[in-house]
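Listed in order, the protein sequences are those of chains A and B.
Residues 1 to 94 (my numbering) make up the first sequence, in order.
Residues 1001 to 1617 (my numbering) make up the second sequence, in order.
The set of hints was computed from the structure by calculation and includes no laboratory data.
Since we're looking at a predicted model, the values are computed, not measured.
The C-beta atom is built at its ideal place from N, Cα and C for all residues, glycine as well.
Misleading hints may appear alongside valid ones.
[Unchecked claim] Pulled a few chain B residues facing chain A out of the computed Cβ check, cut under 8 Å:
hint	residue
1	Phe1262
2	Glu1336
3	Tyr1340
4	Arg1349
[Stated by the list, open to error] Below, computed lysine-lysine pairings styled on PhoX-like, alpha-carbon distance capped at 25 Å:
hint	chain 1	residue 1	chain 2	residue 2
5	A	Lys43	A	Lys13
6	A	Lys31	B	Lys1071
7	B	Lys1082	A	Lys31
8	A	Lys70	A	Lys13
9	B	Lys1441	A	Lys13
[What the hints assert, rightly or not] Just a sample of chain B residues kept apart from chain A, beta carbon distances all over 12 Å, derived:
hint	residue
10	Glu1058
11	Gly1092
12	Thr1099
13	Asn1115
14	Ser1221
15	Gln1276
16	Gln1519
17	Phe1599
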Amino acid sequence: MSMADEVITKILKVSNGLGIHARVATRIVQKMQEYSCAVTLTKDDVEVDARSVLGLLLLAAAPGSEVLVKAKGPDGGSAIQEIARLIQSDEPQG
Amino acid sequence: MNLKDREDQTRLGAAAASEATVMLRGIGVSSGVAIGQAIVLERVATEIHPRRILRTDEVEPEIARFESAVKRAADQLDQIRKSIHPEHPLNGHRYILDTHLLLLEDRMLLNGTKNAIRTECQNAEWALSENIDRIIAAFDTIEDEYLRERARDVHFVGERVLRILMGRSEDKRIDQLPPHAIIVAHDLSPAETAQLEREQVLGFAIDMGGKTSHTAIMARSLKMPAVTGLERISREAQTGDTIIIDGGTGVVIVNPDPDTIFRYKERREIYRKYQQSLMAFGKLPAVTRDGDRSVRIMANVELLDEIEIAMEHGCEGIGLFRTEYLFLGRSDLPSEEEQYEAYRRVLLRSRPNVVTIRTLDLGADKIPTSLKFEKETNPAMGLRAIRLCLSNRDVFKVQLRAILRAAAVGECRLLLPMISCLRELIAAKEIVQEVKQDLQKEGLEYDPNIRLGVLVEVPSAVAIADLIAREVDFVSIGTNDLIQYALAIDRVNEHVSYLYDTLHPAVLRLIRQVITAVQVRGIGVAMCGEMAGDPVNIPILLGLDLDELSMNALSIPMIKKLIRSIGMDECRDLTARAFDMSDAQDIHFMLEEWIRERFPHDYFVDQPQQGNERHEH
């Protein structure tokens, strides 16, 4: 199996103040433009594209909820790290 | 002052019939008073979008028309976004427009619509409006209030594209704006709010929206008075009408009489003074001029959103966090996790200050319980608050678990409402103990040393304040209910409400009794309730040696300023004189006189109250 096909998964706890709200969802979509991997987030059996702001909002990931992040592609690991940073810091930077 | 407020409302009500004055009450989302000329932007709530089945040869051009409308909408939003200067107060909210721009690129929105055009042969307006409705319906099932509100953002983006499709590409705008314009609309999108000319627009009043809408958040940043949730203001007001909006109380008056205008001009001055000079006092401690006494000034809060405002206004903690909103407007009970998250967020936002969480203070008719519930003839004296919790231990335990767990992240106090005898307090304490043991066994993090207090609001609790003091870490006096119970007056009953008097000699004596009985044991006494935020009462509350006053956040800077301007000698003197008087009106008159004499340039006496009780009763 080549690196490009490798699927990385990680369960992340949403621990910022408001959950995956408008600002965070927007930052995730914007940041994901810098990556080439496919990334999805899953919660309660609903899987959404990390590049869809509507999908992320409809995930209804309130603070304290857990989401499964799945990335497929060479830069999947760092994409997941980026998402973790965004959903776990109280004031997402820039 | 409550009496005075009521008189004013009655007078307005009378005027409504003869002079076409209309008074509406909505949600004040951004404080301040604005008096100006109404500019009504739109009247129709939802427009009817044309529906047409396409011929097959029309399908591809229709998709192209849809795509170009989306492109145009994105260009418009981008332009608005770029027009926000980095030093503009809305710069921090630019992301809202980024979100809207990303929604316009979203596959769910685009593909869903294009598919309907292609496969159902629906015209673009039809396909898009149905798609938007479906997406919004999906948001409606979200439990979290803040996340659910984001449906409004989808709505606004959809509306923009629909307007373009229907040939009305411009935002609602006004060519010749009068200098003192107050915008009235069914709704305002964040994009439209961002375009309001701050030099000309004094404020806005809209039918839709709540406290957590993006539009409301933006109004606060603009420091522009705004009232939302008025339901029918866009139908009641005409362009050109004189209109008053009070963004603190949520009151909007169309075509006010000259008296009312005069009164609100005074109020506007009060607010101006706030903005110019009072805010600085929020940062200072509430110490009397002579340094003899310092009081902790706290805020009464209901929504997470209000904490920031409370902190900006200089609160030193949350003296009352109401939890009822978590339980209202739903058919099930909030889970432990949902409550835990809500309390945890409040505690995190308030750090390093203390938060006092009041356990459920509702009547049995307001929540779904396992108990067979019969309509009570007298709900104020019925199964409510702690009584309801003790008879529904499961509900109570879930809330206590959530509070105790959340308390691990910040300084938290637990406040039990409506305690009327010691047995109830002991029973509640036993349950708290049980819950702690459970959490310990389960290995969950919690605060084992959470401070526990009683909200003294039933006269019997006043009488046994000495006994209560043996069992608790603090006491808070809830004046709103205490006055009702002590004077046997239902505040909302118009026939007797004139008897509701904060400064009734009996009320003052009840308060003194609690303070004396409790402080003897070295325990602090707080007061929450409207009485604590009313400047007229301050000298007496200081004279009685209260340790903590909890009030509406907006009152804090003014109250701190007042406390810093007076000395304990005058407080003690006024208190002694008040206790010598036999009539509430005389006491009130004396205090008003005093405040006018001492502070002739501050109209403390007419300070508008902010209603914070819209959920209760």
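Hint-by-hint comparison with the structure:
Below 8 Å, beta-carbon pairs count as interface contacts, and Phe1262/B has none with chain A, the closest being about 42 Å; its hint is therefore violated. Look at Glu1336/B: its Cβ only gets to about 11 Å from chain A, farther than 8 Å, so that hint breaks. For the restraint placing Tyr1340/B at the interface with chain A, the shortest Cβ-Cβ distance is roughly 7 Å, inside the 8 Å limit, so the hint holds. The beta carbon of Arg1349/B is positioned within 8 Å of a beta carbon in chain A (closest approach about 7 Å), and the interface hint is therefore held.
Between Lys43/A and Lys13/A the CA atoms are separated by roughly 11 Å; this keeps the pair inside 25 Å, and the hint holds. With a C-alpha separation of about 22 Å, the suggested pairing of Lys31/A with Lys1071/B holds against the 25 Å cut-off. The hinted pair formed by Lys1082/B and Lys31/A meets the criterion: a straight-line CA distance of about 20 Å does not exceed 25 Å. For the hint pairing Lys70/A with Lys13/A, the CA-to-CA distance comes to about 14 Å; that is within 25 Å, so the pair holds.
Of the supplied pair hints, the one linking Lys1441/B and Lys13/A holds, its CA atoms being roughly 24 Å apart against a limit of 25 Å. Even its closest Cβ contact with chain A, about 28 Å, leaves Glu1058/B beyond 12 Å, as expected for a residue assigned away from the interface. Against the 12 Å criterion, Gly1092/B falls within the reach of chain A, whose nearest CB is about 10 Å from its own CB. Separation of Thr1099/B from chain A is inadequate, the least Cβ-Cβ distance of about 5 Å not exceeding the 12 Å criterion.
Distance to chain A confirms Asn1115/B as a non-interface residue, since its nearest Cβ pair spans about 15 Å, more than 12 Å. The Cβ of Ser1221/B sits about 14 Å from the closest Cβ of chain A, beyond the 12 Å cut-off, so the non-interface label holds. With a closest Cβ-Cβ approach of about 30 Å to chain A, Gln1276/B is found to remain outside the 12 Å limit, as its non-interface label requires. With a least beta-carbon separation of about 37 Å from chain A, Gln1519/B lies farther than 12 Å from that chain, consistent with its non-interface assignment.
Against chain A, the non-interface label of Phe1599/B holds: every CB pair exceeds 12 Å, the least being about 39 Å.
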